[in-house]
Each structure stands twice: as C-alpha cells, then as structure tokens.
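**Student:** Here the protein sequences line up with chains A and B, keeping their order. First residue of the first sequence: 1, per UniProt numbering; consecutive thereafter. First residue of the second sequence: 1, per UniProt numbering; consecutive thereafter.
I should point out that these hints are in silico values taken from the structure, not numbers from a laboratory. A quick note: this is a predicted structure, and the numbers were derived from the prediction, not measured. Be careful, since some hints might not be right.
Unchecked claim - Heads up, simulated BS3-like pairs for lysine-lysine below, C-alpha to C-alpha not over 27 Å straight-line: (1) K140(B) to K111(B); (2) K231(B) to K3(B); (3) K167(B) to K196(B); (4) K3(B) to K115(B); (5) K3(B) to K257(A); (6) K228(B) to K65(B); (7) K119(B) to K167(B); (8) K257(A) to K111(B); (9) K257(A) to K167(B); (10) K65(B) to K167(B); (11) K119(B) to K140(B); (12) K115(B) to K167(B); (13) K30(B) to K231(B); (14) K257(A) to K65(B); (15) K240(A) to K111(B); (16) K65(B) to K111(B); (17) K257(A) to K30(B); (18) K140(B) to K115(B).
Each chain, letter by letter, is given below.
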Amino acid sequence: MTVTTEIRSSRSALTRNKLPNWAPWAVAAGALVVSAAVLSLAGFNVWGWAVLAAVLFVAANWAVSFAVEGARKATDRFATSLMFGAFIVAMVPLVSVIWTVLTNGIAGFSLDFLTSDMQGVRGRVDNATAAGESPLMGGIAHALTGTFLITLWASIISIPIGLLTAIYLVEYGQGGRLARAITFFVDVMTGIPSIVAGLFAAGLFALIAGPGFKAGIVGAVALSVLMIPVVVRSSEEMLKIVPNELREASYALGVRKWRTIVKVVIPTAISGIASGVTIAIARVIGETAPLIVTAGFVTRMNTNVFSDWMASLPAFIYYQILNPTSPTNPEPSTLRAWAAALVLIILVMLLNLGARLIARIFAPKIGR
Amino acid sequence: MSKRIDVADLNVYYGNFLAVEDVNINIDAKTVTAFIGPSGCGKSTFLRTLNRMHEVIPGARVEGKVMLDGDNLYGSGVDPVTVRSQIGMVFQRPNPFPTMSIRDNVLAGIKLNNKRISKSDADGIVESSLQGANLWNEVKDRLDKPGSGLSGGQQQRLCIARTIAVKPEVILMDEPCSALDPISTLAIEDLINELKNDYTVVIVTHNMQQAARVSDKTAFFNIAGTGKPGKLIEYAETATIFSNPSVKATEDYVSGRFG
Ligand SMILES: Nc1ncnc2c1ncn2[C@@H]1O[C@H](COP(=O)(O)OP(=O)(O)OP(=O)(O)O)[C@@H](O)[C@H]1O
Ligand SMILES: [Mg+2]
Numbered sequence: 001m002t003v004t005t006e007i008r009s010s011r012s013a014l015t016r017n018k019l020p021n022w023a024p025w026a027v028a029a030g031a032l033v034v035s036a037a038v039l040s041l042a043g044f045n046v047w048g049w050a051v052l053a054a055v056l057f058v059a060a061n062w063a064v065s066f067a068v069e070g071a072r073k074a075t076d077r078f079a080t081s082l083m084f085g086a087f088i089v090a091m092v093p094l095v096s097v098i099w100t101v102l103t104n105g106i107a108g109f110s111l112d113f114l115t116s117d118m119q120g121v122r123g124r125v126d127n128a129t130a131a132g133e134s135p136l137m138g139g140i141a142h143a144l145t146g147t148f149l150i151t152l153w154a155s156i157i158s159i160p161i162g163l164l165t166a167i168y169l170v171e172y173g174q175g176g177r178l179a180r181a182i183t184f185f186v187d188v189m190t191g192i193p194s195i196v197a198g199l200f201a202a203g204l205f206a207l208i209a210g211p212g213f214k215a216g217i218v219g220a221v222a223l224s225v226l227m228i229p230v231v232v233r234s235s236e237e238m239l240k241i242v243p244n245e246l247r248e249a250s251y252a253l254g255v256r257k258w259r260t261i262v263k264v265v266i267p268t269a270i271s272g273i274a275s276g277v278t279i280a281i282a283r284v285i286g287e288t289a290p291l292i293v294t295a296g297f298v299t300r301m302n303t304n305v306f307s308d309w310m311a312s313l314p315a316f317i318y319y320q321i322l323n324p325t326s327p328t329n330p331e332p333s334t335l336r337a338w339a340a341a342l343v344l345i346i347l348v349m350l351l352n353l354g355a356r357l358i359a360r361i362f363a364p365k366i367g368r
Numbered sequence: 001m002s003k004r005i006d007v008a009d010l011n012v013y014y015g016n017f018l019a020v021e022d023v024n025i026n027i028d029a030k031t032v033t034a035f036i037g038p039s040g041c042g043k044s045t046f047l048r049t050l051n052r053m054h055e056v057i058p059g060a061r062v063e064g065k066v067m068l069d070g071d072n073l074y075g076s077g078v079d080p081v082t083v084r085s086q087i088g089m090v091f092q093r094p095n096p097f098p099t100m101s102i103r104d105n106v107l108a109g110i111k112l113n114n115k116r117i118s119k120s121d122a123d124g125i126v127e128s129s130l131q132g133a134n135l136w137n138e139v140k141d142r143l144d145k146p147g148s149g150l151s152g153g154q155q156q157r158l159c160i161a162r163t164i165a166v167k168p169e170v171i172l173m174d175e176p177c178s179a180l181d182p183i184s185t186l187a188i189e190d191l192i193n194e195l196k197n198d199y200t201v202v203i204v205t206h207n208m209q210q211a212a213r214v215s216d217k218t219a220f221f222n223i224a225g226t227g228k229p230g231k232l233i234e235y236a237e238t239a240t241i242f243s244n245p246s247v248k249a250t251e252d253y254v255s256g257r258f259g
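Model the full structure from these sequences, guided by the hints.
**Tutor:** Set out below in structure tokens:
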C-alpha cells in the first residue's frame, strides 16, 4: 500500500520537485550534528548548541528547498521556521515558570499543607524542621479560605455590575453620549494599577467604617474595581455578536425588550460571558498589593469577610518570603511560599480549564 | 381570528430620510396580499410598519395611521408589544432560537412571555402549530433536538409554526422563500394557501410567479430614483395586476421590461 502510493506520488507531475516529508528532519539532524562538532572545538554548552543548530537549520532548510523546490517554497519554509521559532521563544518563559514553581513547590505540598493554618507555627517550630527533627509544619488552609471568600465576594459584586453595564451599553446605550462616556471610563479603569484599587477600597471603607478598617470585604471591593472592567468588556463583546435577527424574532412574537434580553440574548451569549467572567476571576485571584492594604494578613482561619483581617494566598506568599517565620532558618518559610505559589498556579489553571468547559457546556447546540 | 388592515397617509422615515411616502391601502381579512416591486423601493420598510417593528431601528419613525379592525396601531398609549402579539412576522432568513429545542422554538412566544401552560396544552399547541406549518411529520420524532439542526426550508417552516403558535390575527412575511429551494418554496406556498383560512397574510416577494400563485391582491411599489421615497403605485386583484394593469410602470415591471 505504502509502496504503491510512493511510486505514484514520485511519478505524479503534480508533485514533481517536492522535497519528501522527511527532508526537514534530515536537515535538522544534520544541523544538530554539525553544530555539535563546531562547538566541541570551542567548548560545548547546551544553549549555544541549541541556538547554533537552530540558525544552521533555518539557513540549510531554506537553501535545500531553494535548490530543489524553488523560491516560493523556500520562502514558505523560511517563514514557517521563523514562526515556529517565535512560538518556542514565547513558550520558554511560560514553561520555565511552571517548571520552577513545580520543582520548588512540590516538596512542601501535602494534604496537611492544605488543611492546616499557621497558628502555633513559630520560629522554634521551623528551626526544628530545618534541623530535620520534624516535618514541615503549618499550611495554607486559612489563606486558601481567604482567597476563596474574597474572590467569591469580588465576583458577587462585579458580575452583576459588569453584566448590567454591558447590557446597557449594547442594548440600550446605542452609541449615545452616556454610553460613550461609560466605555471611556471602563477603558480607563482597565489601566488602573492594582495598588490604586486597593487604596481606593481602603479609603472608601475608612469613610464608612472608620480609619484602619481592614476586612475581607474591603479586599473584595478592591478586586472588583479591577474585575468590573474586564467583565464589562468581555460581556459587551459577547452580547454584540448575538445576531439582531434573534432579537427581532423575539420582538415579533410580542416579547418585551427586557424579557428578550434575559431569555434570548443572554442565553445565546452565555457561554462567552461565562468564560469571560472566569478569566476575569483568574485575572484577580493572584492580586497581592490591593489585598495587603485592604484585608491585612493573619495566621489563623477567619471565615467572616465582614470583620477582622483575612489571609489570602498571594499575601501568604509575600509574607513568608519577606518575614520568614524563623528569621534564622528561612528555608521552611521559603518552601511554604513555593508550595502556596504552586497551589495558586493550579487554581488559575483550573479556572482557565473551567472557562473552556463552561464555554463548551453552554454553547448553543447544533446537530440533529 | 383575523383582522383587516387599513393604512391611511403613511410616511415612513429613517431619521430624516423619507423611505416610503403616502401609502393608502386596505387589506381585507382572510386574504393573501403580495407586495412586489424593485429592490430598495421600501417593501420591507412598509411591511415592518404594519406590526411596529420599524421603530426597533434607532431613529426610525412613522407618520400616519395603520388601523387594525378600526384601532390605530400608532394611537397614543398603544403598546407595540400588544401590536406585535397580534401581528406576527416571518423573516427573510430563517431565525430559529439557537439555544432552544424544536419544541421550545414553537412555544417561544408563550414561554418567553412567562405564561403558565400545562404540559398537555403545550403538547397540543406544538402539534397543531407544526401541523399548520406542514412540519409535524418531519420533526415529530426529534422535538427535543435543537432547531438549528434543521434544513433551511424546515427552519423557515419552524419559524412559521412559531408565529402561528401565538395565534396572531395577521401574519407578515418578508421574502420567506428567498433562501429556499423550489421544493421547500412549494411547501411554503401551499402553507400560505392554508393559512388564508384563518389569518390575514401579507407577503413580500420578488418572485412574480409566486405572487401570482399565492395572492388574492397585489400591491406594486416603485421608486423614482435613488434617494427618492418609495410609493405604492398600484393595488388591485392579482389577476388584474398581472394581466391588465392600469399603470404603465406596473405593466413594465410584471412583464420583466424593468427592474
Ligand atoms: N436600517 C435602515 N436605515 C436607513 N435606511 C434604511 C434602512 N433599511 C432600509 N433603508 C432604506 O430604505 C429604503 C427601502 O429599503 P427596504 O429594505 O424597505 O427595500 P425593499 O423594497 O425591501 O428592498 P429589497 O427588495 O431589496 O428587500 C432603501 O433606500 C434603504 O436604503
Ligand atoms: Mg426587503
């Protein structure tokens, strides 16, 4: 079977002057060997080898293709190599971040770490751990709870506001003055530095609850300042692409505008809205600065967002690195920070996967 | 369950642009009326004023009267939503709701308005509406499948079923067959003939044969030039329009010497 197709394809007038599919691999192998040989003269190192081999490969691949296939194909192969190279360069930081966090954090990661807080974990405890006399003590249960509650309240505040704003902009604003002003301010809000959002929330609650008031809800307000513009923007885009025909079809059945929006427009756009919201959550869940100035930091569990300070994962990482529990033996604290970072990254990844899942589940079903 | 429409001195605007000028027309109950005319002469625009869909477009407005059995649609205090629940509309492109099953699409007019309805009543409406749209036999085994999984012609008949499920007095159709093959077109033309027994039907079409086949009366619209308003040129029995029109422009148009 393979043989017959091979014969036919080599005879076909349409595939004349085409390099076989294995050609780039052969060129790549050659480039690797040659650059290894060159480098062994000058002193071998892996990075130099990779870079030199890549450059050699791009050049040789182009030259071989030019000789056999002509200029157009050669340019095509050259551009393909460049794009592939750009992709790899873009992936390097991402992969290396994940790799670093994974290798550093996995050692501190355990069920205990997820279920205990930092109460009673003092310098003495960490010194014992560092001396190998006891396992790593303490954990992130309180910070995880705090992050969960603060993000939950931030979502409770920003999803309705953001969604209603988007509905106003798309369905009612009709490019009027107010709509344009809102769009402008939403754009400005997108660029607000997160610490400013934190100061705003702290200042707001200083007026309401007295100066120095710190609680989970203040952090949630700070995060919603950052979240609202993202929700508005993504929902707006999603509502805009709902075809007007569907609105008209609903009106023509004698359905009111508001009901049309709630029962036709939003359900049609819900998959995009939901995944936009999830990505907005992922965007704020790792915010550190606004939480430190609004929610404070504690070592024990607090499940009430309306009173007392509240820990969060980013603040936990920050304080573990900056103020190690045992100043003389910072290693256990560093390990806890890496493990918490690992949990945070896993959370963000889960949220992004969740967004895809939501988009898939809610997407309008087509088929018989 | 069908009402007559009388239009008096109707001007239709998009912002400051006068799209249709001074239309007077009387449409009898339980008849099929066809609107014909060259592209851009304002057939769709005028049709949409008959159920107050025109004003959905920003800046669009209307002057004059449209009477539904003697009640002015544009009288003060008239809610366009009430008007639209009595005068249904089928669009040029089939537009079933993509998030709903076939069954829910038929019941859309009821469900979207949050009307309570028993399951047996709902089943009855679904069956009778789909029967009325000649679609029942094709979809009765897959009522819970999405409406967007049907063929274009089936989707259009689903839209008709959805329209008749709310039991309107009048059904407006804007080129309902323009996206369909000849067989689906015939199915819909047959359907229009049946709908006439219960409803007043107004249909816009570019297909002369179709107008001749389905309509009792025909209205010819024309436009003097770009930027000028469209006008109702002649309105008479369909047979008269196609065999013995009184205006030269109508004759030119129906005989294909124009437009
Ligand atoms: N949304 C709109 N805003 C402004 N002008 C419009 C709008 N829709 C239609 N018009 C204008 O109104 C006039 C009549 O358009 P209309 O769509 O009613 O024509 P038509 O007779 O239905 O044409 P066709 O046979 O191509 O569908 C045209 O000059 C058109 O440019
Ligand atoms: Mg039209």
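**Student:** Tell me the hint numbers this structure goes against, listed in increasing order.
**Tutor:** Hint check: 16 and 17 fail, others pass.
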